[in-house]
Amino acid sequence: MSERAVTVPAYSEAAVIEAAVAREEPDWLLARRTEAARAFDASPMPTTQLRPWKYTDVSDLILEAHLPATPAISIESLAPQGVFVGSISEAAVNTDMTSNVREHLGSVVLATEGRFQAANTANWTEGIYVHVPRGMSSAEPVIATIDASAVSAGSAIYPRVLIDAGVGSEITVVLRFQSSDAPLVVSNVIEMIADADSKIRVLIDDRWGTETREFTTARSRIGRGADVDVASLVIGGRIIKQTVEALIEGEGANSTIRGVALGDSDQHFDFVTLQDHIGPRSTSNVEIKSALAGNSRSIYYGITRVEVSAKGSQANQANRNLLLSGGAKADSDPVLEILTSDVIRCGHAATVGPVDKEALFYLQSRGLSRRAALQLLVTGFFQSVIEDIPGSGFAEEIEGFVIAKLADAEL
Amino acid sequence: MSESILEINDLHVSIADKPELQIVRGANLNIRAGEVHALMGPNGSGKSTLANAIAGSPAYTVDSGQILFQGQDVTEMPADQRACLGMFLSFQYPTAIPGVTMVNFLREALKARRGEEVPAREFLVELRETLKTLKMDESFARRYVNDGFSGGEKKRAEILQLGILKPTLAILDETDSGLDVDALRTVSEGINALRTPEIGILIITHYERILNYITPDFVHILVNGQVVKSGDFSLAKEIESNGYDPILAELGIAEEVMTS
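Taken in sequence, the protein lines are chains A and B. If you count by this note's numbering, then the first sequence holds residues 1 to 411, one letter each, in order. If you count by this note's numbering, then the second sequence holds residues 1001 to 1260, one letter each, in order.
Far from chain B, by Cβ distances over 12 angstroms, these chain A residues were calculated:
#1 18
#2 30
#3 53
#4 69
#5 77
#6 99
#7 166
#8 191
#9 235
#10 251
#11 309
#12 342
Only some residues are given here: those of chain A computed to face chain B with a beta carbon under 10 angstroms:
#13 360
#14 361
#15 362
#16 363
#17 370
#18 377
#19 382
These aren't lab readings, by the way, just hints derived from the structure by calculation. This one's a predicted model, so the numbers in the text were calculated from it and none came from an experiment. For glycine and all other residues, C-beta sits at the position ideal for the given N, C-alpha and C.
So that you can see chain A by itself, here it is in the shape it has in the complex (with noise of 0.2 angstroms):
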């Protein structure tokens, strides 16, 4: 991913202080733009010497060289009155809604973290917030769509989405990233906490052209007996890095992350999760499955993480890789730090190898191409993910998208 050393002035601390100052920002706003431009000068891009980072190499990804742009965002909600969702920039300046992003914007994921984090603080220009009122709950799902086809080629996008559910509510969001074909680079920041007894549920709809790079940071701050779940659905796109994480804080609380990922060509996929247990009792259960055609690849790594404090806590970590094409790849590596002797249960398994030779013979058998048999085992293989997808027809409409995909796939 060579790029051209020409940057672009956007990024300097000026640039990000003019920008937002043309955009009203108020001076609280101001103030974490500043810390996040000098976070980025100082933060250097990550290395492969970093263990997360260790099998996609951003050496030649040069942010600077991208011109921050800013996505059309579309919201699809029937939530019911009192519970917000909106764009992030109008709500962050002069609305019912300013006190709470101020409060909780950045008080998951800092942007002195890294350079993405980073990236996306001092750059970011779109996005979603949602808010959830203390015992309000949205029967339909929440569908916001950030759409990138329109920005110049070669734009970089920096989505912000934060997500915070009072004591007792429920929220499901399904956050649909689309772009065109050419160049892109997006830098993702997704915040979500979820108060005691909440449930959030997030579905990350990927639906990138073929030239987009993404790199995503999720995380979750779940309280006591809340629950969030997100699952990614990850089609399109040229490089996708995805860091989802749950910081299980409260006594009881569980966190579940899924995620699928179709590759073909020379697709890289890379699922980095954490599940944190903090508080006691708390439950995680992690799942991530890639079917990988051409030369496709997939990189898994996983924590799961039993602090000290979270005594009776139960995990399970699993990450299943189907290798369709003789050129595909995957890289599977979970990981247990438990630090406390008192736990239920605390699960890790990581497959990688082709299809059941045998399950294929028997649809052949019945008549099936071994095309056709490969879009029905890939479907039944993504099931466990797709099955339960919110929103009505969407499961159909994603086994849709693994079917065509399929249709021209190198198998």
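Dock chain B against the given chain A, drawing on the hints supplied.
Relative to chain A, chain B alone:
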């Protein structure tokens, strides 16, 4: 004389991963339309290998000989094309496919068999009727293929596929094993319902039990990968009473124990 459905000529089959291990060693068989043949033989005689080779399993290599289906040489043909022509193997151990529902699987299979999309309504009517014949609940269709099925359910699911796909040749590899008397009767009725003057059936079994429900026109004994004796239903009765030893002794054959 009626049309030839399956003709096996001097077939030699070995295991793909172990080419030195030849299991079928010169088998011959000829099944005509409307006929039911039973293939019996001691354990390890090559019955399942022969069945899988006829179906085109890549786990086996045909070293020499021919498989003709309705006069067409299918020896080198991929499994899916054989199935589309109308060949069907009911597996001894059907594979579980988690995540794939029976209904989706059957629809895809029927589409492949017919070579065109099957109208949804027509398919569902067909499915419902076949389920009913086999005394299977409709919820069965929504379950994942063979996933968590009991032994009896797996065998019924095979016959369900047989009923939907309506092949011209049905090979039933130990469809009777693991079935209790009631299930055996139901499955046999399902098979009998499909018996027409157009189709040929090959029943592979250890016991004559299933043959009391589906009367064979011919019975063949396979030993050491060869058909050593053929006869009518009385041959199956004979084996049921006396085992294989008298026949082997009469033919002067020493049974080899083949392990894979």
